[in-house]
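Chains as they are written, first to last, in this note's numbering: chain A, 1 to 410; chain B, 1 to 314.
FYI, nobody ran anything at the bench for these hints, they're computed from the structure.
All C-beta atoms in this analysis are idealised placements derived from N, C-alpha and C, irrespective of residue type, glycine included.
You may find that some hints are simply not true.
Stated by the list, open to error - Looking from chain A toward chain B, a few residues come up when the C-beta cut is under 8 Å (computed):
| hint | residue |
| --- | --- |
| 1 | K10 |
| 2 | T243 |
| 3 | S257 |
| 4 | R402 |
| 5 | T405 |
| 6 | F407 |
Said to hold, decoys possible - From the derived model, a few chain B residues whose C-beta atoms are all more than 10 Å from chain A:
| hint | residue |
| --- | --- |
| 7 | P35 |
| 8 | S48 |
| 9 | L76 |
| 10 | P165 |
| 11 | G214 |
| 12 | L276 |
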Amino acid sequence: MTFVVASFRKDLSRWWQDRMAFVIWLSIPFLIGGLITSMVDGGDGAMPTGVLLIHDQDESLLSGLVAGAYSQGNLGELISVEQVSLEEGSERIENGDASGFLVIPEGFMAAFLDEEPVALTLKTNPAQTILPGIIEDMTEILLDLGFYAQALFGPEIQTIMDGSSEGMPDDVFAAEMAVQIQGKVDALEPLVFPPALDLEIVEPPPAEPQPDIALLFLPGIVLMALLFAAQGMSADYWKERETGTLRRLVSTPGLLSRFVVGKAMAAGVIIVVLGGITLGAGFLYHGVSWSKFVPAMAWITLSGIGLFAWFSALQMLFPNQKAANLLTTILLFPLLMMGGSFFPLDVLPDWIAAIGRLSPNGFVVDRLTTELTSGSDWTFEKESWAVVLLMTVIGLAICTWRLQTGFARR
Amino acid sequence: MLEVRNLVKQYGDITAVNDVSFAAAKGSVFGLLGPNGAGKSTTINCISGLLSPTSGHVTVAGADIVKEGKEAKRSLGVVPQELALYEDLPAIENLRYWGKAYGLGGAALDARLAEVLEHIGLADRARDLPKTFSGGMKRRLNFGCGIVHKPEVLLLDEPSVGVDPQSRQRLFDMVEAERDAGACVLYTTHYMEEAERLCDSLAIIDGGELIAEGTVDELKSQLGARDILQLNGEFPVDSVKAMVDALRDRGLQDFELLAEETGSVTLTLSSASQHLPAIFEMLAAKGGVVAETSLRSPNLETLFLLLTGKELRE
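So that you can see chain A by itself, here it is in the shape it has in the complex (with noise of 0.2 Å):
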């Protein structure tokens, strides 16, 4: 037990030392996630907004309530109106500084009135897309608004409009309005009411409630900072092997099964400190409950110490370093596209996510990503556990095989 220690605590010192492989161990998933998460989560969800610019040439009522239409509800939200000279307007709209310059001539309202033809002029920014198409869209409504409006009530607009310029009207010329057009509605009733279609709404039944689509990222993320730790930790099998320390403890009654159990405790260790961080920081962020941490810490510990317990038994398997680094470095990248570490598993085609279930990393992520989506509490599958304990035993055997059967004497 003491050389399990002290084996354990030789390899914790060295690496802690490599702060530089420590932080990019860190990083790399940091950044990914980060992007991943700021693509998923669309940013901090501010909405575009466009400028209207208004040269109104007419300042009328009409004119007045054509410009205020724009400035409405949601619209107002999407789009700020501001008035303008006609040069400003031109100019700015050229400059590409609005989304549109709309130029309201004089004698509008007049022309409304009389139901004569009359044009208003819309510049629209040709570097835009969406905000320009809506102020279209916007003025073309006003325009059939304009035309029913003055089919139905022209009369009345017109008394109104005429008694508007003699000052307030008094409270009879406005109850003979309110009359006439509610006699024009009264008429309308029997085209209009009932509707000819009787509409049910049906309520959809309440959904499953979904789970934050970049939450399913973060077990990905969390694995991947693992691997990623994990194969360059597995390289110290060589490293030793070249310094000749490895040769040296064949030669002392030190036994190399200790040996390889103290490096998976000092890379357990290591893989606390990362998971931690890395799971930590999407606790955080997704508001996940802190009741599964520590369940979800022993979950990826174990994971990787096994993923370490692999990736060093395969180091040793290969007749060289340059080999072996390489060919274990190739193997990363599959492991991380198939296991989830780039697009969770539910998102990838049905053949890839069982393959990917499969693969070791995908396994832990699979689990981990239906305990942290879950609205219940952790639930300890004794299979899974079972599963990585085996697997982690099997690895640290081979290991401790490989160094026995002559990785260590050469």
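Position chain B against the provided structure of chain A, taking the given hints into account.
Below, chain B without anything else, positioned relative to chain A:
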């Protein structure tokens, strides 16, 4: 303390060590001499348990290295030829780790660490990383890691290779200190002067076979008082044979031709300097031209030449 009996190590058809036997006593330095590739390191690796012998036995402090490996290794300290250190672990932690590998711990280990650091002259650099050390300091730490558990048998595999003269002297002092403390030291080298300086007894190995064994004085006595004379130049066919015949005609009894190659003749004879004029004359008479003459008095290097017909450092 250390016994090697009929040791054989084969790699397929190649026999690296062939029926090697020797024994080394407590409180002595036993030298294993031979040129590169002679089988010294293979022998050391079999003794340290790195290699399994094809046949034969190695016992360390009474324990068989194959059958009672753990027990034998507990009594064994190894200082490998190449540095075997953790360069990113402080010197004292290197020593502590290897101490624990040998089963030491607690206050006894702490006390021993202080002792070893003092012994190897690194007490003031105990907390420093070996990667900041000079080559000589690393060699000393490498040595310290091999003796941290006070081994009864200490294996030193060419420990002086690449060591500067000052560090080499310190190394010799450390080896002698281990011997004086009662350890049995097995020292392999291809530097005969080192062997003469350090070893109480030694064995000469070549081509995987032990060709001589004894104390330094015993081995030197095999040479008698004969010198080694090496002549380089141009020697026509039969000129050397004529010279040898002429020397025999003169009645030289302890004369022997060791080696004859193109442009080089090596022979051993008593008081060689007195016979040089006659030798030159005889060779010249047959058209030979001597360009270079080397005359060496008897030592282990000349013994190796006598035994194998080749230079130790070839």
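Kindly indicate which numbered hints from before are broken by the structure, ordering the numbers from low to high. 3, 4, 5, 6, 8, 9
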